[in-house]
Structure formats: C-alpha cells, structure tokens
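Colleague: Got chain A; can you put chain B on it based on the hints?
First to last, the protein sequences are chains A and B. Each residue of the first sequence is one higher than the one before, starting from 1 at the first, in this note's numbering. Each residue of the second sequence is one higher than the one before, starting from 1001 at the first, in this note's numbering.
You can take every hint at face value.
Straight-line C-alpha distance at most 25 Å; calculated SDA-like pairs for lysine to any residue:
| id | chain 1 | residue 1 | chain 2 | residue 2 |
| --- | --- | --- | --- | --- |
| 1 | A | K49 | B | E1191 |
| 2 | B | K1164 | B | R1009 |
| 3 | B | K1065 | A | I122 |
These are calculated hints, taken from the structure and not from any lab test.
There are 2 protein chains.
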Amino acid sequence: MFEQIKITRIDLREGRQELLDQVVIEIPFTIILNNHELSTLLCSPDKLKELAIGHLVSESFISSKADLKSVDLNEKTNVIRIETNTPIEKDELDKKRIITSGCGRGQTFYNYQDFTGCKPIISSGTDAFSVGTILKLMAEFQKKSVVFRETGGVHSAALGQGDKIVAFAEDIGRHNAVDKIVGEVILKGEETKDKFLLLSGRVSSEILIKAARLGVPLIVSRSAPTNMAVKLAKELNITLMGFARGQKINVYS
Amino acid sequence: MFEQIKITRIDLREGRQELLDQVVIEIPFTIILNNHELSTLLCSPDKLKELAIGHLVSESFISSKADLKSVDLNEKTNVIRIETNTPIEKDELDKKRIITSGCGRGQTFYNYQDFTGCKPIISSGTDAFSVGTILKLMAEFQKKSVVFRETGGVHSAALGQGDKIVAFAEDIGRHNAVDKIVGEVILKGEETKDKFLLLSGRVSSEILIKAARLGVPLIVSRSAPTNMAVKLAKELNITLMGFARGQKINVYS
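For reference, chain A alone in the conformation it holds in the complex (with noise of 0.2 Å):
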C-alpha cells in the first residue's frame, strides 16, 4: 500500500535534510465487463476484487452475488475480466464508461509526454520561489478558506505569484478547486511560468496531470501526494512539494 521514497525535508529553523519517507502507492486497475473495457479507476493496490464488484454495484450493472458468472484478477497487470450470467446491452455499457481524466490511462498511463498538453515544464528563469515565501503564502491561503472553516467540508487551491495569491477557489470536490484555479487563467489568458499551485488536498496523478496542462512549474500541498504524483513530477520536471505546514515543507521532486 505504500512505499519509501527519498525525499528533501526543508525545516526553515533546522536546514535541508535527505531522508527516506513513505508514500502512498497508487495504480491503474482496469475493470474488463463481459469482454468490453469498461473503466480504469486510479487506486490503492488492495482488495481489488472487492473494489471492482463495489463498482459495478455503484454503477448499477449488478446488485447481488448471483449477478456474478466469473470473477478473474490478474494481479500482475491490474486488470480484472468479470462476467455476468444476464449480458448487459452495449449501449448501457458505453454510456456508463468512466474515463479517468487526465492524459491516457490502461497500458499507455505511463507515458505522459505523448501525449498533447503534458509536455515536461521547461524553466523559464523565473520560476524560482524560496520556501519562506512559500510556506508564508501557505499559511494565507489557509487563512482564506472561510468556507472550510464554516463546515469543514471544502477544498481549496489558489496561484501565488511573488509574494501573493493571485487566484483562489474552493469546492466540495479536489478535482473541481483546480480546474476552477485553471479556467480562471484560461479566461484571463495568463502565462503560468511564474505561479504556482497551492493545494489543500492530496495530489494523485489526475491532480499532477491538471497542474501539468496548466503549466506551472511548482506544485506546493499541505497534505501528501501519491507514488504515481511523484514519478510524474519526476518525469515532468515539475517541483512537488507536500505537507506544507509551519516551517516545515517536503520536497518529493
């Protein structure tokens, strides 16, 4: 479920420090209903028989146990073949497909520079940000989140540029405060080179993947990220940083 990785810890009081830290793993599961491909959901590696059946429950494509003709996962590739003793139409098939945003999925979700809008970041020359400046903007963005202090029920992302934020928005949904954060620069057609995203959520690869179409180059979080987050920072020359909190801040890339 989780595994170590090296990071950099930089603590404003003590230094920079290397060390080994655990992060949360995640993966594509492919679920493969009556020989259509039906959905590649973004996951932790555990129970995944369980997490396919809850999903075709959730989707409303069987409801009982007996529904079930065969059940085989493959382990080694993530994929997971179910049959159903009634043959579900292909129209209620392909209308139910979920299709993970971001820029493949299946075999191909590992390679994310063919595809378009997920270029590695090539940096500009201004896009260097100190941490104390960093952490600083942290600390302000959180103080924005009324609605988060209301119900504790939001998430929020904003853009800091210098020693400001420039954007901010909050939604129920991860997902939703980022691509708000997006259109909002989409509108005003602004360059990104210079900004960065500040997060109130965990990054997965779909987080990772808006903030690579956005273009910026640095990605700061107050909460942790996944190992597919980091290999594609990694691989996108993008800076991911997490767990953002007083003086001190993790830099996973």
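Modeller: Okay, now just chain B, sitting in the frame of chain A:
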C-alpha cells in the same frame, strides 16, 4: 457556498442539544458543449464558468481562450452552454462523457426514489445503535488505518456491527474505499440492515447513494456532509452523522 440547517449535537458528557450548523452546498452542474450534454459535475455553486472551462481543458477539448466561441451560464438552472470555434467530433464527445456515479443526474437528480436500488431504508428493528458504541468504534476505526498513519494519503471506510468492526478498507480515493466495502458485502452475500458505515472522509451525495445501495440504515463520518447528502439521507430514511470525534457527534438526519 453554505447553508444553515438544524442538527442535533450529542455529547456523551453533556447530553443532547438542538442547534443550527453550517453545511456546505453541493449542486449538480451540467455542461453542454456544442449542443451536446457533456457532463454533470457535483460541485460548489461558485466560479461555475471557471469550473466548466477548466473541466474542458482537463478533458483536452480546449487549450486556450481562443478556442471558445461563446460561453452562456444560466445561474438559475446551473446549466452552462459552451460553443467552440472548431467543431468537436461526436465520437470524441461521447467518449469523454462523464457520468456521475449514482442514481441519476441533471434534471432528474432529485428524484432518487424513482431509481433502482435507491429506495428508502425501512427500519428492521435490529438497526438501533447507541452513540457510545458508535464513538467507540469510530476511535477503533481510526487506529486501524496504518496506511494513513504512515503516509497521510488515504481514506478509509468500514462496517460496524454490534460493537465490532466487521469490514475495513483503505484507498487513495474516498469513493473507492466505500466501493471496496460494498464489494466485500456483495461477495460475502451479507445482510446490511444491522450494520453501519464508518467513514474518514466527507459525505457528498455520491457517497450517500453508495451507502443507500449498500442498504445500511446509518452512516457515521469523522468529517462533514454536504447539504445534498443531508437531503438525500432524509429522503432515503438513512441516519447521517458527522464530525464523530472523541465524545461528540453531529446528527444531520
């Protein structure tokens, strides 16, 4: 972004109290792209134009403002109509269609009872749970999450029965953790009327619907629910509790 509702707060030391509390608002928001119903997002009612544009960027339909011919947001119906300068092939639109998991979407979103698998829970007489036991199991539930303690990167879900946790799952996704529990129950062919769902994460309408399909009469979360989850819980006769921490718990329905 949030609304006031009446809740009951139970404190094991101080007793029961009726009070007004803030819950975050969740709405269905429909994006129509080139006269094609693309997706219905469940989101906070704020920066909807930015959200729609950001969503189109994330789904690779557009990459800059120049791709947009018109953007028309109807704030009464929460429907946005977007036209692009270059036509998008119908195949591409169909492939990328996002279906919200759950019983329905768009116009029909509030009529859950009409949909298979989301009938109101009927009390069986075996589904009475004491707040003391619920809070005790919530404390145990939290201790069980080894991965969270190691990485801070996952959500967990569990089933409580009597004074025991009888199923437990973790995942990087809130929805996946619940689906793993649903799958486990289906594979074991178990009754759920005498069990309740424990959650680490926020309760949105999608989570509520998964629980309704599972057939549990009670959902307990350590975090906040959305207003739509509260409405649905009332409609489906499910008891929804949140902020279960230490000796206190909020009862939303």
